[in-house]
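Chemist: With chain A's structure known, arrange chain B on it following the hints.
Residue numbers (the UniProt record's numbering), protein chains in the order written: chain A, 1 to 618; chain B, 1 to 618.
Hints in this document: simulated from the structure, not taken from any laboratory. Wrong hints could be hidden among the right ones.
You can't tell identical chains apart in this list, so a pair holds if it fits in one copy or across any two.
[Claimed, not checked] Straight line, CA to CA, 30 angstroms or less: simulated DSS-like cross-link-like pairs of lysine-lysine:
#1 Lys200 x Lys213
#2 Lys452 x Lys158
#3 Lys554 x Lys51
#4 Lys121 x Lys158
#5 Lys452 x Lys394
#6 Lys554 x Lys420
#7 Lys568 x Lys394
#8 Lys554 x Lys580
#9 Lys420 x Lys121
#10 Lys121 x Lys289
Number of protein chains: 2
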Amino acid sequence: MQNSGSKPCSCPSLKLREVASMYFTLVAAFLVILVVALQGSAPRGSDFPYKVPLDPQGLLELSWNVSYPEQAVHFQLLIRELRFGLLFGMSDRGEFENADLAVLWSDGHNSYFGDAWSDAKGQLHMDSQQDYQLLGARRAPEGLYLLFRRAFSTCDPKDYLIEDGTVHLIYGILDTPVHSLQAINVSALHRGLQRVQLLKPNISIPELPSDMKSMEITAPDVVIPSQETTYWCYMSELPEGFPKHHIIMYEPVVTAGNEALVHHMEVFQCAAQFDSFPHYNGPCDSKMKPERLNYCRHVLAAWAMGAQAFYYPEEAGLAFGGPGSSRYLRLEIHYHNPLVFQGRRDSSGIRLYYTASLRRHDAGIMELGLVYTPVMAIPPGEEAFVLTGYCTDKCTQLALPAAGIHIFASQLHTHLAGRKVVTVLSRDGRERQVVNSDGHYSPHFQEIRMLKEVVAVFPGDELITTCTYNTEDRSRATVGGFGILEEMCVNYVHYYPQTQLELCKSAVDPGYLHRYFNLVNRFNDEEICMCPQVSVPQQFYSIPWNTFNRDVLKSLYDFAPISMHCNKSSAVRFPGEWEKQPLPSITERLPEPVPRCPPAPGPQPAAPVPLNLGRLRR
Amino acid sequence: MQNSGSKPCSCPSLKLREVASMYFTLVAAFLVILVVALQGSAPRGSDFPYKVPLDPQGLLELSWNVSYPEQAVHFQLLIRELRFGLLFGMSDRGEFENADLAVLWSDGHNSYFGDAWSDAKGQLHMDSQQDYQLLGARRAPEGLYLLFRRAFSTCDPKDYLIEDGTVHLIYGILDTPVHSLQAINVSALHRGLQRVQLLKPNISIPELPSDMKSMEITAPDVVIPSQETTYWCYMSELPEGFPKHHIIMYEPVVTAGNEALVHHMEVFQCAAQFDSFPHYNGPCDSKMKPERLNYCRHVLAAWAMGAQAFYYPEEAGLAFGGPGSSRYLRLEIHYHNPLVFQGRRDSSGIRLYYTASLRRHDAGIMELGLVYTPVMAIPPGEEAFVLTGYCTDKCTQLALPAAGIHIFASQLHTHLAGRKVVTVLSRDGRERQVVNSDGHYSPHFQEIRMLKEVVAVFPGDELITTCTYNTEDRSRATVGGFGILEEMCVNYVHYYPQTQLELCKSAVDPGYLHRYFNLVNRFNDEEICMCPQVSVPQQFYSIPWNTFNRDVLKSLYDFAPISMHCNKSSAVRFPGEWEKQPLPSITERLPEPVPRCPPAPGPQPAAPVPLNLGRLRR
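Just chain A, same shape as in the assembly:
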């Protein structure tokens, strides 16, 4: 683990200034601040292995490391053109209200740093407990570096709790001098948000074989369209007769200067049933795009902003090439260009590292969660409606080997209403382990994440995937399905050894849903047409939503038997009876994690730290 950001004293060229102040508190508390001026050499990149641009112009660049022993994150923020300060912080979903902020501000003569929070109206307040700890500030030719530290959990109710999964980082740039923190008008700032997985897992890099080769799947010299959102499709292919290999690692290739524009990239393998696929290099939603490209959906690699190289575990690799496998690959790049830059050229993509010395196991991908069917629906106007998909003991009993499988990575997936996703492993009715959890999930930030711990799943285990949706802005029900305004609840788990089980998902029994429509109809004295020609979505759309109909739908989903998809491929079920299956019963829940608070120094006074940055100019 890199954490030398907290040990500036180990560098020989440090100048330290210790300011000990006593303020306000009755108990004598000491505020000891180290303002470290690193002279000469820039901090080594390896000190802060993770890096992401915050704004679309790349004026703010955040690097960080994670110390699990210290339960803290060390940040290095590069401000390329400092005006009169900036805000940096975290909030539930990237909003500037109820946010936890580190603020650097200047009145034109003096500069200050402090831990602040914003209230429900976005007004800033100094935090009574200072948990963004300033470790140093340094001017360099490229800009100002700020170094600071933040514990995952501070037990200060005004602070954000840094958890696994997505973190919404926010920033704001002060263009004019301000005389106090309270004087900052947050809504008037040049500001934005960036999503990252802050708590990267602490995984040691597996040994790589000497015969490892690499290939780049990159779109050649694309002119990035001058529009906010583009999904770019580029077809590539493996050499003819390319034998079976294992992909053992991949990493992003991002054209220099476009770091803030390339939002995420995926490489898909096409279906083996077609002998050939047409060439294509253009927007994925173009009418010119050949229909057949829709058969290129098997994920080989996925990367999103802030992610690093992806390593397969030493025991496994992802098979590609060889008979029964398509030579054709589709690269998809999401360009995010909110400032509508024109004429930017890009040749980004993904570099695959592979070996012919096959590893012990093929890796597999299994789909957990809900079947894509309209029977699973979310009423309109819901702040946090929960749907759950099950992979039952009966299915794992049948489909998994006695020695079990090992899940090492996971990609969560919903459409636009998704807010949280979690998969829990249950054994003998008792929840045992969280497979993957994202309490700040965003459908705009889907990456394959390495798990902190490999999860072993044995025959008879249950995998329960729960998604939380927000439909406050919708006026009719949201049903399950493929459409962008329909919903999904999926966790693609990456595991080894590969098995025949590709899909382990559920949906409510349709007969019980029919009873629900009947019941709602009678209770509300309304006529919902039960005629066979009316589709399930139409029936959901015609429900007069009120708390009763909503609550009873919840009760139905918590009670009715399920239809299981325990499938070898998306169409072929394992043999057995999969209709009207009982819901898994959970007799013991995992305890809620209790946040660990940092040990004393205890509360510090709410005073800004003066910084010597010289005089700033407009």
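Modeler: Quick look at chain B alone, frame taken from chain A:
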């Protein structure tokens, strides 16, 4: 507020021993223990104004005071016959599992004191954070006094959070030497529980008039029956022609030696509609008890163990005497005699203090919560089922004076399944204030409690009373009603100035309940008889309970319109339409209270404190 228990230094005759130890912790934490030997004079009773015997024999006597500025309770525990130690502590409902305990133990040579907790199996563990702070120990002729302090909230997850309302105190007596805390077998101890309101409100005593008189309503020379539970009834009467007076205070009169047997007492006034009532002095459930005594239900005074004198606010008194008011009073005493003492004689009762100089306002009692009707039911097997009763804006608009009323006391009431009761005041859809709350409510401990703050209620306000029930031990539904195995959800609020509004309660609309029975019937393919001759309880009893039927009943109670009882007396409604009223809608809830943690010293080492008590003997 009395808190001199924490300031032993102010007494001149103290001998202090300061022991400063450093243990285990990496951070240098000091464990400073004062073992105070109070010599000569016993601590003044006024230092610990509240007192209760813990065990039925009165061997353990607890006194305490409450310091709101310090957010702490100071305890003085008198152990009349110390053997080899004792356990004292608190738990959710008086169980010895998951309890928070102060333990004094001896191996026969040395004695120790420590803060401990018991796990789900009742096994004791030393707490890593010592929050029962020993302040002193003293031998006196009557026994050993232990003085210790406990903050309301410690933020240690192993500790009990001391809140308003009932606290279940537990004790256990060590009859044999033990060599360690872990060696104590809790289930083998002589042990028990006592319920008290620990956080007594800090109310200044109103000025009492010079013409104040008193009368004792006491049962003369009762032989306490040799059985665990007796409700004793005694009829008393006011002198003929007794004019209207105001009761301005009352206090318990408990026969010396019976402090541990007299559990609670109430004085009821009889109905004015009867000219006379028969004399009676005997058990309330006797067949010999005259039927007419059931018409003596208007509460004049209520006392329960641990309670002190009850004072009416300076502006108000409870009217009794005069025309239109019955001369007849019924005293009811609950004797709790678990050790089945024989032949104990008792003349306990209540002393009323009253004045002919009537105060500005008559005090009134209003009943909030649920109507006594079977339409409000609790399914069997529920751990915490919630029912809510409403006093709507429409009723308060009609019945309360423009200047509002002032609630100064409250008595919560349920039958045996009740576990929590809370009443919240809501205005314009926003919850404003908790009127009274008991999160550890016990139907065995019902007392009139003074509120910490007088609550002003204005026309248009809503009073929402929520009761939580446990029916885990029941196999059929529990319906609302008068029977001991039926349920109630009531808050008797004491207020001034008296209005005509005696009852402001609700129940679900019976038509909507009928739809529920229909719905359950159809959904479950069962036949619940809807014939008019089948009663609502019978319909509830015939429901095949499952999570769906349970959840839908909850949804019904959260959705269906209500029938309001906005009544002048139990039979006479205010004019207006009270059927099918909309449920009050709440747009803003009160925030959950965030426990305040005590300021540093920070965590202390988990080491017992040695005590010099000399050698103990069997």
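Chemist: Checked against the structure, which of the hints given earlier come out wrong?
Modeler: 3 and 10
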